[in-house]
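Novice: For the protein sequence lines, the chains are A and S, in the order given. Residues in the first sequence are numbered consecutively from 1, following my numbering. Residues in the second sequence are numbered consecutively from 1, following my numbering.
The hints are simulated quantities; they were obtained by calculation from the structure and are not laboratory data. Everything numeric in this text was worked out from a predicted model, so none of it was measured. Where is the CB? At the ideal position from N, CA and C, for every residue including glycine. One should not assume that every hint holds.
Unchecked claim - Far from chain S by the CB rule (all over 12 angstroms, computed), these chain A residues:
hint, residue
1, Arg27
2, Ser134
3, Asn143
4, Arg377
5, Gln426
6, Asn433
7, Gly454
8, Ala614
Stated by the list, open to error - To give an idea of the chain A side of the interface with chain S (calculated C-beta under 8 angstroms), a few residues:
hint, residue
9, Arg15
10, Phe57
11, Cys155
12, Val239
13, Ala334
14, His339
15, Asn341
16, Asp428
17, Leu432
18, Ser525
19, Val526
20, Glu560
21, Ser563
22, Gln613
To be verified - A few chain A residues that face chain S, going by a derived Cβ cut-off under 8 angstroms, partial list only:
hint, residue
23, Gln5
24, Leu8
25, Ile97
26, Gly150
27, Gly157
28, Pro242
29, Glu371
30, Tyr375
31, Arg425
32, Tyr427
33, Gln429
34, Asn434
35, Arg447
36, Thr451
37, Thr452
38, Arg453
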Amino acid sequence: MPVTQEALDAVALSREEYALLVQQLGREPNEVELGMFGSLWSEHCGYKNSKPLLRLFPTGGDRVLTRAGAENAGAIDIGDGLCIVMKVESHNHPSAIEPYEGAATGVGGIVRDIFAMGAYPIAILDSLRFGPLSSAQNRYLFNGVVAGVGGYGNCLGIPNVGGEVFFSTGYDGNPLVNAMCVGLAETSKLVSARARGIGNPLLLVGADTGRDGIHGASGLASRTDPEARFEEMRPAVQVGNPFMEKLLMEACYELASEHGDWIVGLQDLGAAGLTSSIVECCAKGGVGALLDLDQVPRREDGMTPYEVMLSESQERMIVIAKREHAADVAALFARWELHCNEIGEVTEGREVVISSEGVEVARVPVDIATEPPEYTRVGVAPAYLADLNSFDLSALPDIDPGDATAALLSMLARPNVASRRGVYRQYDQQVLNNTVVAPGGDAAVLRIAGTTRGIALATDCNARVCYLDPYVGGALAVAEAARNVVCTGASPVAVTDCLNFGDPTRLDVYFQMSQAVHGISEACSVFDTPVVSGNVSLFNQTGDRPIYPTPVIGILGLIEDVSHRLQAGFTHPGCDVWLLGSSVEQPAASLAASEYLESEHGLVAGCPSVDLQAEARLQRLILRAHDESLLQSAHDCSEGGLAVTLAESAMLGGAGFEGFVEVTGRLDAGLFGEAAGRIVVSVVPDIFRQGGGSGRMGDLARSAGVPAVRIGRTNDSGAFRFGPIDATIPDLIEAWESLVRGEVPASIR
Amino acid sequence: MRFAIIRFPGTWSDRDTHHVLHTVLGQQADILWHRETDLSAYDAVVLPGGFSYGDFLRCGAIARFSPVMEEVVRVAKKGVPVIGICNGFQVLCESGLLPGALMRNDSLQFRCEWTHLRREGGNTPWASKLSTGDVIRVPISHGEGNYFADVETRERLEDDGRVIFRYCDGSGLVTPESNPNGSVGNIAGIINAKGNVLGMMPHPERAGETLTGGTDGNILWQSVIESSLTMVV
């Protein structure tokens, strides 16, 4: 019987893909098999549209302990026999439909990826994007997502230490919820996701299996919604139980760290549930499996084999145990008051065979299932680009000096610039007692307990830049993430990425994705930060309007001595303040993709640029100056430009600032332009440092080939003056805390 | 001194408390699963923060029936110092060792931030090294820390000097702005009639080292250690 279009639509396979599947199988798949192949060949599980591009990433390095894509997350050696395990993942589509549960289970999923490696999760970061807050629907999504991220992570006892929130019409109707998790493990105790050892039992641990989340991978995450029918798909969103996950996390960590010899592998159940976890760990181990679905504990009666295999019920893991230790493993989970059921065993033959009520219901060759067709396209630059890139920014009227103070205050109150305290105070930032620098600065810093080391973590992506030039945007996301950790005194060592794009079958979207990947690859080579893990989220669009291309970069930096770290605030009066990386005077072109341009002129236009070699020189300079204990503070100059950066440093540290250079040239560009590759530092006063402070800063910058200007000095007057700007720190804070007070500023045009 | 740190299913401040007591302050400390029924070997008991039983039903309402709680009540009645922090405070209220209840924060949101606490009230081994009016800086992290008790109970608590900590500003002034969760009378921590049982929402175990934000919380542990020495002498 030929397959119906309806059946193919249900699993999001094309006719051509179905024909290929039949050819490879040598027969028509049955209903259960079709559901399984549909999920595994979806973009979400199979990366069929992105895999050829992902191969461009530099993935190797002395510190990298995992092969990219081969495990649940990437592991990086940090010395002393310890490693950091990290990954970022999206939960965009579920969050668009049910923001609290969508975001909560996004956190739950990424945390499972980390403890599946045998690591203990020590930090969460969340990178969020929404449409403008002027819309009630966007406010609902924003509040719900933040509550969900907090609700799940807080209950687990994992601190949320950083991330981003960005608002733009580019995300109207399609918010982005990317969550990153970072874990710590003894390198010798890392666990693989491979099934091995013929006859070894497959143990399903954690929650019971219900009808929730069926078709999450193929239905929600791997297609667009031309008629905005996602509302009807709310049942495809899972409901989280962080309490169950907490027990599962503790039990799995105890198993891996104390009884690693009892098991051969650990695998979480995420997208496509049992289907993907069993098939993928068999593929990685080069084995097959025999599954008896009657052994899967159910939440409800009457579930079909199809539903059991595709359920995305949360808080479940597969343990591949050594046969002789199956009872030990079960006893360990029982002590944590968790179920542990043997649902099958490892077999020879690279085939997953599934039975239910004594009847074989599916037979899936793992190689066919895990090798979906790959699509490579030749992208075409989006039609909007030429006009926006050639827009003459110098034709825009400059700001009047008399309006500069008001302009700064209004910039500070903008949702994209304002303090995020209203968000992160809803997250536990301290539990586990490692948080040295909490959210609010450029990057978070955690100590590695039992050592003198620390790690710095940040996420970054400037989507306006990506929209105007995806190559520059991809490169800049890496450069800026690296700059963020450098501003804490850390050396960047590795990245993880979450590629959020629209429908990849559209050539303009494919162009964005391909350019961004090339930009990321180039930057990762320059900064020597391999991509160790990641995730792709495509089909992010509402109707025919794709989201801004948004390749989010999560970065890990290392600090040898965590007691010697940098922070972003002007904490001491009497320090010279330097702008490193450029002069104060800026051309109109530096307004490209800026927050000021969008807020003041309603434009997302211009031609953003990045100079990776100059970035690298700048970052080396900061680390060198910090090594010499020259710096009191360092703060990345990004959204909002120089004036906002200076104001943030003053507010964060409490010291005032008095500029002593003129802002020459265009005032708007000098104050609010967003040229890349700049850092503002305050330097230890000459009298407190042998050989002087500022003089040495100038010498170091000269020999590093980095432009440097001494632009002012910190003071204890509470005043903030720069060029024509004259304000007080309380004025600045009043404006900056707009979002904390829950005010919704005027709409983004 | 030997501390028992109780781990309910869902507890997460157990390791932090152990770190501060053992690694920072050099005390003996054991993390005990909630099925433990004998605490006679311990000089003090800590019910740490977290989401015991996922806060299902009501914060602390299920943990209060955990096997260990009968023993906690027994040693508390004997006069052994017991501290309930955050979720531990909620468990103490649910188990009747302390009066009142913790309601949802008035913001209806979870709050994690540093707060200032002013020492008030009478004697307790948990704050013996603090004098009335002393201010310490300790973080909170909770969604349901809004302390409430009826007027009669509150008057009794105030009259008997059983309010030990109140949220205040940096200078020690008790103001509405310094109240992070809507607690009646800015109450952050209370003791039982004997003074050996303290319940508080803020987390002293998170203020144990300069590197992670401050050491003000250690004064509580140092107080109980010193008090126990005095008791032995």
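Novice: All hints, please: hold or fail.
Specialist: Hints and how they fare:
1. Arg27: The assertion about Arg27(A) holds, with a minimum of 46 angstroms to chain S.
2. Ser134: Non-interface label on Ser134(A) holds, nearest chain S Cβ at 22 angstroms vs cutoff 12 angstroms.
3. Asn143: violated (9 angstroms)
4. Arg377: holds (45 angstroms)
5. Gln426: violated (5 angstroms)
6. Asn433: At roughly 5 angstroms from the nearest Cβ of chain S, Asn433(A) sits no farther out than 12 angstroms, so the non-interface label is violated.
7. Gly454: violated (9 angstroms)
8. Ala614: Holds: least Cβ distance 34 angstroms, greater than 12 angstroms.
9. Arg15: Interface hint status for Arg15(A): violated (46 angstroms vs cutoff 8 angstroms).
10. Phe57: violated (35 angstroms)
11. Cys155: holds (4 angstroms)
12. Val239: Where the cut-off is 8 angstroms and the nearest Cβ of chain S is about 13 angstroms from Val239(A), the hint is violated.
13. Ala334: violated (12 angstroms)
14. His339: violated (14 angstroms)
15. Asn341: violated (20 angstroms)
16. Asp428: Because about 5 angstroms separates Asp428(A) from the closest Cβ in chain S, which is inside the 8 angstroms limit, the hint holds.
17. Leu432: Interface hint status for Leu432(A): holds (7 angstroms vs cutoff 8 angstroms).
18. Ser525: Constraint on Ser525(A) not satisfied, violated at 35 angstroms.
19. Val526: violated (33 angstroms)
20. Glu560: violated (15 angstroms)
21. Ser563: Hint holds; Ser563(A) Cβ to chain S Cβ min 6 angstroms, cut 8 angstroms.
22. Gln613: violated (36 angstroms)
23. Gln5: Since the shortest Cβ distance to chain S is 44 angstroms, the answer is violated.
24. Leu8: violated (40 angstroms)
25. Ile97: violated (23 angstroms)
26. Gly150: With a minimum Cβ separation of about 5 angstroms from chain S (threshold 8 angstroms), the hint on Gly150(A) holds.
27. Gly157: Result: holds, 3 angstroms to nearest chain S Cβ.
28. Pro242: Given a least distance of 7 angstroms, the restraint on Pro242(A) holds.
29. Glu371: violated (40 angstroms)
30. Tyr375: Violated - the Cβ of Tyr375(A) stays beyond 8 angstroms from chain S, reaching only about 43 angstroms at its closest.
31. Arg425: holds (5 angstroms)
32. Tyr427: Status holds, d = 6 angstroms.
33. Gln429: holds (6 angstroms)
34. Asn434: Because about 7 angstroms separates Asn434(A) from the closest Cβ in chain S, which is inside the 8 angstroms limit, the hint holds.
35. Arg447: holds (6 angstroms)
36. Thr451: Violated, about 12 angstroms.
37. Thr452: violated (10 angstroms)
38. Arg453: At 12 angstroms from the nearest chain S Cβ, Arg453(A) fails the 8 angstroms test, so the hint is violated.
Of the hints listed earlier, those the structure fails to meet are numbers 3, 5, 6, 7, 9, 10, 12, 13, 14, 15, 18, 19, 20, 22, 23, 24, 25, 29, 30, 36, 37, 38, in rising order.
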